[in-house]
Structures are given as C-alpha cells and as structure tokens.
Amino acid sequence: MKIIKMVKMVIAGLLLASSSLASASFITVEGVETDALQLSTSFEEFYDFGNGNLFSANTGLEQANSVIGFFAETSSDLGLFLIFGGPGGAAGFADFDIAASDGAVTFSDDSAEMPSGSNVIFNYAQNRTDGLIFSGISDALWSINISFNALSGINNLVFYTFDDNGDSSIVFETNGAPDALSISGTPDLSNVTQVSSPQIFLLTLSALGLLLFRRK
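All residue numbers for the sequence shown refer to this note's numbering, where the first residue is 1 and numbers rise by one.
Don't read these hints as lab results, they were simulated from the structure. The C-beta atom is built at its ideal place from N, Cα and C for all residues, glycine as well. Where hints are given, some of them may not hold.
[Claimed, not checked] Simulated restraints, written as ranges between beta carbons of each label pair:
1) A125 to S76: 26 to 36 Å
2) S143 to N51: 31 to 41 Å
3) Q38 to N149: 25 to 35 Å
4) G136 to S182: 18 to 28 Å
5) E45 to P87: 12 to 22 Å
6) G176 to N53: 18 to 28 Å
7) F26 to Q126: 19 to 29 Å
8) D164 to A91: 35 to 45 Å
9) A140 to S75: 27 to 37 Å
10) T186 to F55: 30 to 40 Å
11) S138 to N65: 33 to 43 Å
12) D164 to G31: 18 to 28 Å
Please model the entire structure based on the sequences and the hints provided.
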C-alpha cells in the first residue's frame, strides 16, 4: 500500500508539472483581465524601431502625448511594451521605476537610456517616441508595479488588450497623466493542455522506474 501511495504521489506531481508548463498567464492590469497580442515575429521586429517614423517605435499603436502599454507573446516569451509619445506629439520626458517579481527590461529604443536598475529615464523629441520591452517572465505567479515619478508631454496612459484576430481595444485608460500602474500574472487554468492516455502511461512507467530505483 505504501508503494501504491508513493506511485500516486509521483504521478500527481508529474501531471501537475506538465499542466503548469502547458498553461498560459492570466494577466490583469489594474484588476482588469488583459489578453496579449500573439506574435509570429520577435518582440524587437514588432517594435519596428526607426522603420517609418525615425528614431521611434512603429507598432501602429503609438499615440501622441500618451504612454501606451500592451502585452505581446511569442511561442516562448511574454513581453510588456511601454511606448511614450508618437507622431504629432510634443517632446517629452519620463522618469519612472519598475518593481517586478520576475523579468527585466530587455530592449530600449535608445541604447543610451537602457536602465541598469529599476529606474528608467527617457527623453524624446517632438513627433518621436521612447519606449521599452520588459520580458523574460518565467514564474507562474508574477507582478509588475510601475511608479511614475515625473512626466512631461504625457496627458494620459492607455493600455490595450487584443482579441483572437489581433485587433486591439482599450482595457484601461487614465483621465490624466498616470501616477502608477499595477500588473499581475497568474496561471490560466482554462488553457491547461489535457494530458493524453499515452502520456499518462509514460508518466506511470517513469514513476514506477523511480520507485524501483529507490528500492535497490
């Protein structure tokens, strides 16, 4: 009976691990569910720096005198995009801090402004943008909290969500310049991949092999 109990425990652990690896993140922005844009390109290719509006992001979501945010997802990574300013906008300045439980800033459209710690400072010209990509999130549970210390040339914050067709809509918007932004992620159990019978059989064999090895 003790062996059977141990087998069940090992199988349960293996199934849970498989489910966790197959599940996606349930993202909330200021408590509101948000869906990421599914990409077939890399984050930097989608950011499209300098291709159209020079020295700027060219995702098509940029907005004059606003900071826009959204999540994008590749087959292996989840990324937060934050872009300040846009065509027709005033010159701007941003000083903000990013406190995150996981991940890091992996891209800045101005290498001289690539942060070495949690504080980020951007300066950008009229009609241009400044921005970053925060990615490398691997934990099942994570949080990103952004505190805006000083902003110039920014009237509001707009955060986008996306449907299955890749069409965007606003999920959160401030009435004025933002003070803070709170984002969190948890495992999305609705997207857990079902484990097939052959997989269960293989997991069982693996568990029995581990137990036999321990008995020797």
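Consistency of the hints with the structure:
1. A125 to S76: 26 to 36 Å: Check passed, 35 Å falls within 26 to 36 Å.
2. S143 to N51: 31 to 41 Å: 33 Å, holds
3. Q38 to N149: 25 to 35 Å: 33 Å, holds
4. G136 to S182: 18 to 28 Å: Holds, at about 20 Å.
5. E45 to P87: 12 to 22 Å: Holds: the Cβ-Cβ distance is about 20 Å, inside 12 to 22 Å.
6. G176 to N53: 18 to 28 Å: 25 Å, holds
7. F26 to Q126: 19 to 29 Å: 39 Å, violated
8. D164 to A91: 35 to 45 Å: 38 Å, holds
9. A140 to S75: 27 to 37 Å: With a Cβ separation near 18 Å, A140 and S75 fall outside 27 to 37 Å, so the hint is violated.
10. T186 to F55: 30 to 40 Å: 37 Å, holds
11. S138 to N65: 33 to 43 Å: 35 Å, holds
12. D164 to G31: 18 to 28 Å: 23 Å, holds
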